[in-house]
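Protein chains: 2
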Amino acid sequence: MSVQLSFPSNALFVGHKNPDTDCTCSAIAAANLWGGTPIVQGELNPETEFVLKQFNVEKPAFEDNFAGKDVVVVDHNQTTQSAASVVEANILSIIDHHAVQDNFFFQKGPIHIDMRTVASCCTIIADYYADMNVEISAQMAGVMLGGILSDTLGLTVPHTTDIDREVAAKLAKIAGVEDVEAFAQEMLIAKSDLSKYTAAEILNLDYKDFIFGDIKIGFGVCESLLIDKVIAKHDEISAAMQENKKNGYEAIFFAYVDLTTNNSVVIGADDADFTVLEKAFGISKGDLGVSLEGKISRKNDFIPPVSAYFNN
Amino acid sequence: MSVQLSFPSNALFVGHKNPDTDCTCSAIAAANLWGGTPIVQGELNPETEFVLKQFNVEKPAFEDNFAGKDVVVVDHNQTTQSAASVVEANILSIIDHHAVQDNFFFQKGPIHIDMRTVASCCTIIADYYADMNVEISAQMAGVMLGGILSDTLGLTVPHTTDIDREVAAKLAKIAGVEDVEAFAQEMLIAKSDLSKYTAAEILNLDYKDFIFGDIKIGFGVCESLLIDKVIAKHDEISAAMQENKKNGYEAIFFAYVDLTTNNSVVIGADDADFTVLEKAFGISKGDLGVSLEGKISRKNDFIPPVSAYFNN
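Top to bottom, those sequences are chains A and B.
Just so we're aligned: 50 in the working numbering is position 34 of the first sequence, and the numbers increase by one with no gaps anywhere.
Just so we're aligned: 221 in the working numbering is position 205 of the second sequence, and the numbers increase by one with no gaps anywhere.
Bear in mind the hints are in silico, worked out from the structure with no lab data behind them.
Small disclaimer: the values here were computed from a predicted structure and weren't measured.
Be a bit skeptical, because a hint or two may be false.
[Stated by the list, open to error] Which bits of chain B does chain A cover? Going by a derived footprint, with three or more residues having C-beta under 8 Å, they are:
id, region
1, 110 to 116
2, 131 to 137
3, 311 to 324
[To be verified] Derived CB-CB ranges, DEER-like:
id, chain 1, residue 1, chain 2, residue 2, range
4, B, 197, A, 194, 53 to 59 Å
5, A, 295, B, 299, 51 to 57 Å
6, B, 255, A, 299, 55 to 61 Å
[Unchecked claim] Under the rule of at most 30 Å between Cα atoms (straight-line distance), these lysine-lysine pairs were calculated in the DSS-like manner:
id, chain 1, residue 1, chain 2, residue 2
7, B, 124, A, 261
8, A, 124, B, 212
9, A, 262, A, 212
10, B, 232, A, 295
11, A, 124, B, 189
12, A, 124, B, 295
13, A, 124, B, 315
14, B, 295, A, 85
15, A, 311, B, 124
16, B, 261, A, 85
17, A, 212, A, 69
18, B, 261, A, 315
19, B, 261, A, 124
20, B, 311, A, 85
21, A, 315, A, 232
22, B, 262, B, 124
23, A, 232, B, 232
24, A, 124, B, 33
Backbone N, C-alpha and C fix where the C-beta goes; we use that ideal spot for every residue, glycine too.
Between the sequences and the hints, there should be enough to build the whole structure, so can you do that?
Here you go:
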């Protein structure tokens, strides 16, 4: 690809709110490649902390004031998934792998936008190292591998592409990770340790806002090897969702994702939300919520039917 | 770039309404690369006809009913620049080099979007041939060269990048165009022959709608080596603009671009439009309109200040 991207040295590389491993590692690896500062907009989750510790990489600085700053957006493309001040930023570029819905980062002039249908934003960043013939250090290979394994649940989710797999294999070699499956399992174990979180914190750990026209919805996801321990807090999580709904939300959804079976149960905050889910997925509610077999991806499995429902 | 793009064989490759050489040639070259059908949404201008004739390439079919069809969007990214039915299309990918404003082609799920800050969409398409190791025929090299020379006015506009230049040189060699400058001049002469057009047709020849929030504006451009012949029709063009304004437009603008000096004069349909231009560009109106020295690009020079004005 004959792109010759460069950014000013004061550029901030910014992942989405409620940072996950892919957005955090994308920001770190991109800032390392182009120069500039990686930024997170919140507390790291235990999986991301595990990955950074593993490869001895520093946590990015926290920042949520982007007014007037040069910003490269990674792993998201909607202003609603960043601090409000991001609309006052000077957006230099967007590198992402999500669908474009409302509230895209609009610009006054043309900028470089690269959205690919791979499973991890780190796959795209790693490809820029290759295109630009920049050697990848063991540390950077480790964090990008972490991002890919996180978003693909160890290369197992159905939307994992051959490109994600090839890039992960290459990065694992450079990072000195001999047993990728075992490393991915360690990441899942770290991610599944939610003992220190309250129900409200679990709801917000991987939570995103989506805007469809005038409608705002919230969609949280919890992926765990020990999902039953999370489901044990169902009443408190429901209460936290109902509390959230007061903040101008049309609906709040939350998915219990069982990483041992790759099945999910999606719940709503109240009866109205459950009706939306039943109509969007064409599935009746069970005891807990709408059961989706083999579906675990918010981006590919959960949001498209919900988006179609609200946009029709 | 490790993208492995493929599209179904019934895919339509669609440029914007009021087709120009870059969008038409992008659609042709992309359809040739990936398989599928190139589409135009209107009559070709004399420059595009010249280029296709030169390389003995067939005109794309006309189509403006995209409902339910598989569509790859080239050289634009806003639904307002396609037929209304495009919102009912299945958008497979967007390959473009314009700013993202309102009315982007939103999707239900992730798709491949490639927006680069090069001066021509054909530059991007040519890069895919290279990435995919597909040999470029003399015909396809010719049409892509035509697209690049058209959008860069023979590689002379300031936003022409080194990448556009490199790709154009490579394509010229394959196409057997020995004197690129002379060929670009022939294109400009073909483009400047507007003798068969009425004032209303000249206004619409390279005309685009832009939506800023609830505001719709129209912006036509006429680039010519013989701009005085166009300016001679100023009263009729003004009348056509005022007529257009009745169709729900907040403002209508039109740029007389003098290709012999690379200067422009931007006019409005009425006093209110001229006031917008004066405020957007910070320049007082002259006899004809707002004079912009060395500025000739709608995408890079004209729209950003107008967009900033309406978005503030």
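Next on the checklist: For each hint given before, does the structure comply? Return the numbers of the non-compliant ones in rising order.
Outcome noted: 8, 10, 11, 16, 18 and 22
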